[in-house]
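First to last, the protein sequences are chains A, B, C and D.
Just so you know, the first sequence maps onto residues 1 to 305 in my numbering.
Just so you know, the second sequence maps onto residues 306 to 610 in my numbering.
Just so you know, the third sequence maps onto residues 611 to 870 in my numbering.
Just so you know, the fourth sequence maps onto residues 871 to 1130 in my numbering.
Don't take each hint at face value.
[Unchecked claim] Not everything, but these chain D residues come out facing chain C in the computed CB check (under 7 Å):
# : residue
1 : Leu-919
2 : Asp-921
3 : Tyr-1074
[Said to hold, decoys possible] Stretches of chain A that chain D covers, calculated by requiring three or more beta carbons in the stretch to come under 8 Å of a beta carbon on chain D:
# : stretch
4 : 61 to 68
5 : 109 to 115
6 : 176 to 190
7 : 275 to 289
[Stated by the list, open to error] Below, a list of computed lysine-lysine pairs in the PhoX-like style, where the Cα atoms sit at most 20 Å apart:
#  : chain 1 : residue 1 : chain 2 : residue 2
8  : C       : Lys-791   : C       : Lys-820
9  : A       : Lys-17    : A       : Lys-289
10 : D       : Lys-1107  : A       : Lys-55
11 : A       : Lys-17    : A       : Lys-294
12 : B       : Lys-360   : C       : Lys-847
13 : A       : Lys-55    : A       : Lys-88
14 : D       : Lys-1105  : A       : Lys-55
15 : C       : Lys-845   : B       : Lys-360
16 : D       : Lys-1078  : D       : Lys-1105
17 : C       : Lys-847   : C       : Lys-820
18 : C       : Lys-765   : C       : Lys-746
19 : A       : Lys-17    : A       : Lys-98
Think of the hints as simulated: they come from the structure by calculation, not from any bench.
Just so we're clear, the structure is a prediction, and the values are computed from it rather than from any experiment.
We put the beta carbon where it would ideally sit given N, CA and C, even for glycine.
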Amino acid sequence: MGRDINLTVKLGGLELKNPVMVASGTFGYGEEYSWLVDLNQLGAVVVKGLSLKPKLGNLPPRLVETPCGLINAIGLENIGVKRFVEEKLPFLKQFDTKVIVNIFGYSVGEYAQLAEFLSSASIDALEINISCPNIKESGRLFGTDPKMAQEVTKAVCQHTHLPVFVKLTPMVTDITGIVEAVMEAGADGVSLINTIPAMAVNIYTRRPRLGNVTGGMSGPCLKPIALKLIWDIVQKMRVPIIGIGGITNYEDALEFLIVGARAVQIGTANFVNPKTSIEIIEGIQQYLKKQGLKDINEVIGTLRI
Amino acid sequence: MGRDINLTVKLGGLELKNPVMVASGTFGYGEEYSWLVDLNQLGAVVVKGLSLKPKLGNLPPRLVETPCGLINAIGLENIGVKRFVEEKLPFLKQFDTKVIVNIFGYSVGEYAQLAEFLSSASIDALEINISCPNIKESGRLFGTDPKMAQEVTKAVCQHTHLPVFVKLTPMVTDITGIVEAVMEAGADGVSLINTIPAMAVNIYTRRPRLGNVTGGMSGPCLKPIALKLIWDIVQKMRVPIIGIGGITNYEDALEFLIVGARAVQIGTANFVNPKTSIEIIEGIQQYLKKQGLKDINEVIGTLRI
Amino acid sequence: MILEVATVVEHRHFVASKAESFHILKLRSPEIAVQAMPGQFVMLRVNELFDPLLRRPFSIFHTEKDCLYLFYKVVGKGTSLMSQWSQGREVSLLGPLGNGFGLPSKDVPWLVAGGAGIAPLFFLHHYLKHHGYRPKILWGLRYRISQELIDFLSKYLDNIVIYTEDGSLGYQGLVTEGVEKLYQITKPSKIYACGPIPMLKSVYDWLKNKDIPMEVSLEAQMACGIGACLGCIIKGKEGYKKVCCEGPVFDAREIKWDEI
Amino acid sequence: MILEVATVVEHRHFVASKAESFHILKLRSPEIAVQAMPGQFVMLRVNELFDPLLRRPFSIFHTEKDCLYLFYKVVGKGTSLMSQWSQGREVSLLGPLGNGFGLPSKDVPWLVAGGAGIAPLFFLHHYLKHHGYRPKILWGLRYRISQELIDFLSKYLDNIVIYTEDGSLGYQGLVTEGVEKLYQITKPSKIYACGPIPMLKSVYDWLKNKDIPMEVSLEAQMACGIGACLGCIIKGKEGYKKVCCEGPVFDAREIKWDEI
Ligand SMILES: Cc1cc2nc3c(=O)[nH]c(=O)nc-3n(C[C@H](O)[C@H](O)[C@H](O)COP(=O)(O)OP(=O)(O)OC[C@H]3O[C@@H](n4cnc5c(N)ncnc54)[C@H](O)[C@@H]3O)c2cc1C
Ligand SMILES: Cc1cc2nc3c(=O)[nH]c(=O)nc-3n(C[C@H](O)[C@H](O)[C@H](O)COP(=O)(O)OP(=O)(O)OC[C@H]3O[C@@H](n4cnc5c(N)ncnc54)[C@H](O)[C@@H]3O)c2cc1C
Ligand SMILES: Cc1cc2nc3c(=O)[nH]c(=O)nc-3n(C[C@H](O)[C@H](O)[C@H](O)COP(=O)(O)O)c2cc1C
Ligand SMILES: Cc1cc2nc3c(=O)[nH]c(=O)nc-3n(C[C@H](O)[C@H](O)[C@H](O)COP(=O)(O)O)c2cc1C
Ligand code: FES
Ligand code: FES
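Bound-form chain A, shown alone (with noise of 0.2 Å):
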């Protein structure tokens, strides 16, 4: 099926042989998905958030269920990324896909080291977060400001010789000014958007629902949130983008990739129907051949006004 259609896309260094990836943190190290997805048809895995050291996370509770969203507030956990290339790798790397490592420190000097030290592992672009709002630590968030955004990037891009896309949150101001910056700063492109800051509460105990107090809050209420900020991006400039953000099925993933985004990652999906992603690029395929298309790029950023 689908052997006459092109499927592959291009984001600045990095092709994909399809759009389909599946988002940070949603995925684990790709081996807890492996006995339900055939991870040679992805597009990409990109994997937890990895910091230099192995990190705990937060207290529980971490995750709060909301309508038609799920907020986390992990915290980051994770085994660092030292063990990730010693123990994780090597099994993401028996598969025919991309392996995008998603990363965050507390400094710049830690972006950039985690770049350098990703550089000589077999891995396939790095990912950085700049936006996760369960970092306590670094007070005012790198990705909220221009300045801070472009200095991380650039440290990293001095870096590394890999792909670099850097990782945005929705909760700033002007998108496409974090953008300009990034790109500037010698970044692939950019994935949006993160999850958005957000709470609950107990009302008979009185007590926030998350250990954390506040998290991040992710699944399909995101969508609209999503496509509009990636508009905004699409009609200032030309940048490769990675759109994220509430995809469930092949007609949001195709959303996306109308207004603009060369390629799309599935997040809270997974744990929703573990077989989105594969649906996904087997819906695309599809949709294509029903509209007697041949290749993916002839409907990428073709949206009529």
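Keeping the supplied structure of chain A fixed, place chains B, C and D with the ligands upon it in accordance with the hints.
For chains B, C and D with the ligands alone, coordinates are given in the frame of chain A:
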């Protein structure tokens, strides 16, 4: 029922017999819902946003349903402040409820004129909308720039004796900066959140699903985001807050009050269940009774961390 | 305008072999049923969740004592959830909403329906007959409908002519062709139409220079259903019109057909 | 770990006069049923909508050929939707998940359940008997349960002692008091417990200085159910533990009881 329970709340210069209002744009001019809702029971009615001149609004389609959300691009259609006072206000004045008029202009001067004009009408407060994502003419939104927000607020406050609330957009990097700015300018409080900029695409026509291309999202999916923004404010300063966003039942309303809002507004939920606001007032009363409390002010801002 | 908890009394499914299947839902809804007029509609809540969020609008298809009937086609999330409803289920109903059809000044009115657009015209047909008119119905369908549905409708409707695009039932062709043909033989006193926009447009195009009044029942995405949200507008010659409360029935000459 | 579309074969509702009502759902789920071990669970999707969004976890209560049974209590949105399911409905099931209970080294193990916590212990009871053990079950309930449920359970469980808080069924008191009393007479080889945290805590407090192994089945809010999201952690003495894949069964001595 509940005679012995106090629901009165004070927000700056405005006192409400209970903290439950209906939100601007979701309750028409009050009359439309008076068949279904006893307006006498409401803390206040906030009427559809008014401008100096009548406004036609955006091209259809103006509505798109999303998972747990609604995107609207009404484009602030309204009959203008003059006709409102002549044709709609007399009806509202028959009821024992406060009337809050939501206003928007295209320049600081227009806001001032609106405030001046309405100060001679028999209304109870002004809510200034500096955050509607559907005004295209205004270019950059007043609500995202602390300086602009301050200027508008100052102009309004100088031209009215009425209590003034400033309605804020969630899409800013730093909400507290905006709140500080408008409070300094003389506002009695802030109401938040307005809708979140959003978008939807028809993948078969590859066209936007709204006549205006983009719109503002409201509904249950907003609640966790609104709570978090209010929490950001509460942690930094003491200011009268009207909580808005995705409230559908008394539990939701109480979450806002516990976090620190002194009143709430019900928007999209009116469409789903027109009696939502009334049921919330009853629900809050029951809750207080069961918790052995006698005054809603014993709940407001009591989140335990 | 009433908010009422109705109860499903009966639910009939008319599943045709090809594509379109129709359903008739009988609801006990005493207060709304007695007030309902042809052309009016109700908005119902599909479930108690927020997905789907909004109420769905449906024309009133028929009333019978304290019950009302809806006639619907499954097109998406809401209608497919509805199709699973069984007897006894409670449904929150808001209605009757909208303006309804006006009576014709004289006999014989024609009722032109496309697909599920039959719903309000069925009610109108019944009402007109009750008031001494002898309405004709022309109904256009994509494919044939199930025999059970034909039998069901035949109990109520005489003078009905069916057109299917593929000729699998009644005449082959578009219902608008039927209108033109019938016009060779006899003239309508008024035309009432409900169905897809292209159908309405072509009936109106054909009619516009003739001296025959025409009312159409239109659809729009709705949130409130009562004129409060300003979401459901269409372009009229004299500005925007709210479909929910200034319609859903409009004088066809008031609509800007080339802009909708 | 399998993702399977199961089918509702039978659904029994045990509605007691006061408060808590229980339901037993029998699902045909051939692949998962044959693999399931006591203490493992499944995650099921409540509907095809996104409200509720996440799958719900339920312990495997019983298996029978190609079927598995769930035993659940209605506590919120998802479980009340489930309680409306009828025969033939299709349900997406992910399972079997989690580690499951370990066998006791010798007879006689005690199974201590609170409320719906009976679910995994029922399966364990059956399994232990099959392997030649003679487990005792102590079950604590808030109120009495329906006679039908008692009859249903009695078919499978012997050696069960019931405690209700109000004394309306079995002995009056908390099940933990029952444990202490029984201990006056005889000693368990191992304790398995599942139920509300306060109950588990008090059993553990009582047990901790005795030389008896104890396994508990714990709950946490879950998203993925397979160890990928890191959302379901609880505090163990050696750091956080993922309930979904390092549990839900834990050696009671590994848990930081005073911090959960
Ligand atoms: C006044 C009025 C009366 C109506 N009467 C009837 C009736 O008697 N019988 C009947 O079958 N239908 C009727 N409709 C249409 C009916 O409301 C929609 O079919 C229904 O709301 C679709 O809900 P859904 O959740 O199944 O579809 P969704 O999942 O919401 O949408 C599925 C598809 O249908 C399209 N759609 C949704 N709503 C509409 C709409 N209002 N108009 C056109 N396309 C739409 C969507 O764009 C989408 O492509 C009426 C509509 C109005 C406004
Ligand atoms: C491994 C595991 C096995 C389980 N086995 C069973 C079982 O066999 N039978 C059974 O009846 N239940 C079992 N549960 C609990 C069951 O998953 C929840 O009751 C169910 O998910 C609630 O869904 P809901 O949509 O009805 O409630 P919601 O609407 O989501 O919540 C309603 C209320 O229940 C609380 N709640 C929700 N989920 C949980 C939870 N996981 N633990 C504690 N409180 C919760 C919420 O905080 C809220 O107050 C199990 C849970 C886990 C983690
Ligand atoms: C449980 C969970 C953990 C996440 N962890 C990370 C992370 O470590 N790094 C990161 O950049 N994004 C993380 N995210 C954000 C997702 O990658 C994604 O941007 C977000 O969930 C929005 O997409 P969705 O709506 O499809 O889930 C996490 C999301 C969830 C739900
Ligand atoms: C159809 C519609 C029209 C609205 N019109 C206005 C308006 O004129 N002025 C305004 O300040 N807010 C307007 N709003 C925003 C609401 O007042 C409210 O802030 C928002 O909908 C979030 O609350 P909710 O989730 O309860 O709906 C409108 C919202 C909707 C859905
Ligand atoms: S649907 Fe709200 S005005 Fe018509
Ligand atoms: S539920 Fe995701 S790790 Fe346990």
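Hint by hint, here is what the structure shows:
A cut of 7 Å between beta carbons decides the hint on Leu-919(D): the least distance to chain C is about 4 Å, and the hint holds. Proximity of Asp-921(D) to chain C holds as hinted, the smallest CB-CB distance being about 4 Å (cut-off 7 Å). Contact between Tyr-1074(D) and chain C, as hinted, is not supported at the beta carbon level, the nearest pair being about 39 Å apart and thus beyond 7 Å. Coverage of the stretch 61 to 68 of chain A by chain D holds in this model, with 8 residues showing a Cβ closer than 8 Å to a Cβ of that chain against a need of three.
Taking a C-beta to C-beta cut-off of 8 Å, the stretch 109 to 115 of chain A contributes 0 residues in contact with chain D, too few for the three needed, and the coverage statement is violated. With a threshold of 8 Å between beta carbons, the proposed coverage of the stretch 176 to 190 of chain A by chain D is violated, since 0 of its residues qualify and at least three are required. Counting residues of the stretch 275 to 289 of chain A whose C-beta lies closer than 8 Å to any C-beta of chain D gives 1; at least three are required, and the coverage claim is violated. The suggested pairing of Lys-791(C) with Lys-820(C) holds, with an alpha-carbon distance near 15 Å, which does not exceed 20 Å.
Taking the CA atoms of Lys-17(A) and Lys-289(A), the gap is near 17 Å; set against the 20 Å cutoff, the hint holds. The hinted pair formed by Lys-1107(D) and Lys-55(A) meets the criterion: a straight-line CA distance of about 17 Å does not exceed 20 Å. With a CA separation close to 14 Å, the supplied pair Lys-17(A) and Lys-294(A) stays within the 20 Å bound. For a cut-off of 20 Å, the pair hint linking Lys-360(B) to Lys-847(C) stands: about 17 Å separates their Cα positions.
For the hint pairing Lys-55(A) with Lys-88(A), the CA-to-CA distance comes to about 16 Å; that is within 20 Å, so the pair holds. Under the criterion of a C-alpha separation no larger than 20 Å, the hint pairing Lys-1105(D) with Lys-55(A) is consistent with the structure, at around 15 Å. Distance check on the hinted pair: Lys-845(C) and Lys-360(B) sit about 15 Å apart at the alpha-carbon level, within 20 Å; holds. Straight-line distance between C-alpha atoms of Lys-1078(D) and Lys-1105(D) comes to about 18 Å, which keeps the hinted pair within the 20 Å bound.
Of the pairs offered as hints, the one joining Lys-847(C) and Lys-820(C) holds, with about 19 Å between alpha carbons and a cut-off of 20 Å not exceeded. Between Lys-765(C) and Lys-746(C), the direct Cα distance comes to roughly 15 Å. Compliance with the 20 Å bound is thereby established for this hinted pair. Taken as a hint, the Lys-17(A) and Lys-98(A) pair is honoured in the structure, with Cα atoms around 9 Å apart against an allowance of 20 Å.
The structure fails hints 3, 5, 6, 7 (numbered hints given earlier, in ascending order).
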